[in-house]
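Visitor: Sequence:
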Amino acid sequence: MTELSTAAFWDELRQSTQSRIGLGRAGDSLPTQRVLEFKAAHAAARDAVHVPLDVDTLVAAVAAVGIGDPVVVTSLATSRGEYLRRPDLGRQPDDLTAVPRTDADVGFVLSDGLSPLALMEHGAGLLAALATELGDGYSLAPPVIATEARVALGDHIAVAMGVRTVIVLIGERPGLSVADSLGIYLTHLPDTSRTDADRNCISNIHPPEGLGYTVAARIAAGLVSGARALGRSGVALKDNSRDELGAAAEPH
1 MTELSTAAFW DELRQSTQSR IGLGRAGDSL PTQRVLEFKA AHAAARDAVH VPLDVDTLVA
61 AVAAVGIGDP VVVTSLATSR GEYLRRPDLG RQPDDLTAVP RTDADVGFVL SDGLSPLALM
121 EHGAGLLAAL ATELGDGYSL APPVIATEAR VALGDHIAVA MGVRTVIVLI GERPGLSVAD
181 SLGIYLTHLP DTSRTDADRN CISNIHPPEG LGYTVAARIA AGLVSGARAL GRSGVALKDN
241 SRDELGAAAE PH
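The opening position of the sequence shown corresponds to residue 1 in the numbering used here, with each subsequent residue numbered one higher.
These aren't lab readings, by the way, just hints derived from the structure by calculation. It is possible that some hints are incorrect.
Stated by the list, open to error - Restraint ranges, calculated between C-beta atoms of paired labels, are given here: (1) Gln92 to Gln15: 43 to 49 Å; (2) Ser203 to Pro87: 36 to 42 Å; (3) Asn204 to Lys238: 16 to 22 Å; (4) Asp11 to Arg86: 40 to 46 Å; (5) Ala63 to Thr97: 16 to 22 Å; (6) Ala26 to Ala236: 50 to 56 Å; (7) Gln33 to Cys201: 53 to 59 Å.
What the hints assert, rightly or not - Under the rule of at most 25 Å between Cα atoms (straight-line distance), these lysine to any residue pairs were calculated in the SDA-like manner: (8) Lys39 to Arg20; (9) Lys39 to Thr78; (10) Lys238 to Ala197; (11) Lys39 to Gly175; (12) Lys39 to Ser19; (13) Lys39 to Gly68; (14) Lys238 to Thr192; (15) Lys238 to Ala104; (16) Lys39 to Gln15; (17) Lys238 to Tyr138; (18) Lys39 to Arg173; (19) Lys39 to Asn204.
Every residue gets a Cβ at the ideal spot worked out from N, C-alpha and C, and that includes glycine.
Please model the complete structure; the sequences and the hints are all you need to start from.
Guide: Given below as structure tokens:
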């Protein structure tokens, strides 16, 4: 295979993946361009973790979704550094007295997690898609924005809201390919004793390269319906919505 055809092969293959493939070499190292691309991606990932959430801007965007004015809460972690060093503090609430008791079917918690950037970029858009998908069939609680938050903080907030199902939107750990990926964690009948085995996760939400808002919302709606029928979420609850979406796309 010639050098030109090799380059064309890798260029075509890169269209279907964000992974770093076919980087080439310059002597005993990588080409300068590839080294600089890696350093830029690493810097973007670090920034995604450490840049603080713009709470005021997010509050306005979330309020515009139209399911209620959001309440802002925080965990016991008092700084970003402490949040990163002490995951346990990110799972515990500081003060939830401002969270209204609604006894709604579904509650939403928007958490900065390990990528506040992801929540800023995709939080309001994903929430709007979820509200559209779920609003006709379920009562929805006003959203809560949680800072310095881990997934389990959503259970404490859900108990305060009195909701039957909580959907936590949280910034996922950035990688060298994606720094703004958002995840959904769904827990049915939440309480503070729940573990990761009691939750269902939808990850890699970051259109246009990752999962889109509408598809993610449809998957979440299927899980909500399945959890209510089964009486629980987590490992016992299977996601069949992707199969249904695939079948719908096939010619008949």
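Visitor: Would you say the C-beta atoms of Ala26 and Ala236 sit inside 50 to 56 Å of each other?
Guide: holds, 52 Å
Visitor: Kindly confirm whether 53 to 59 Å is satisfied by the beta carbon distance between Gln33 and Cys201.
Guide: Because 36 Å falls outside the window, the suggested range is violated.
Visitor: With a cut-off of 25 Å on the C-alpha distance, tell me whether Lys39 and Gly175 pass.
Guide: Satisfied, since the Cα-Cα distance of roughly 12 Å is no more than 25 Å.
Visitor: Regarding Ala63 and Thr97, is the given constraint of 16 to 22 Å on their beta-carbon distance met?
Guide: holds, 20 Å
Visitor: Look at the Cβ atoms of Asp11 and Arg86 and judge whether their distance stays inside 40 to 46 Å.
Guide: holds, 45 Å
Visitor: Do Asn204 and Lys238 keep their Cβ atoms within the hinted range of 16 to 22 Å?
Guide: holds, 19 Å
Visitor: For Lys238 and Ala197, compute the direct alpha-carbon distance and say whether it is at most 25 Å.
Guide: holds, 13 Å
Visitor: Holds or violated: Lys39 with Arg20, Cα cutoff 25 Å?
Guide: holds, 13 Å
Visitor: When you check the alpha-carbon spacing of Lys39 and Thr78, does it fall within 25 Å?
Guide: violated, 30 Å
Visitor: Compare the distance between the alpha carbons of Lys39 and Gln15 with 25 Å, and conclude whether the hinted pair is satisfied.
Guide: Holds - the C-alpha atoms of Gln15 and Lys39 are around 21 Å apart, at most 25 Å.
Visitor: When you check the alpha-carbon spacing of Lys39 and Arg173, does it fall within 25 Å?
Guide: With Cα atoms ~17 Å apart, Lys39 and Arg173 stay inside 25 Å; holds.
Visitor: Do the alpha carbons of Lys238 and Tyr138 lie within 25 Å of each other, as the hint requires?
Guide: holds, 21 Å
Going through the hint list in order, the structure does not satisfy hints 2, 7, 9 and 13.
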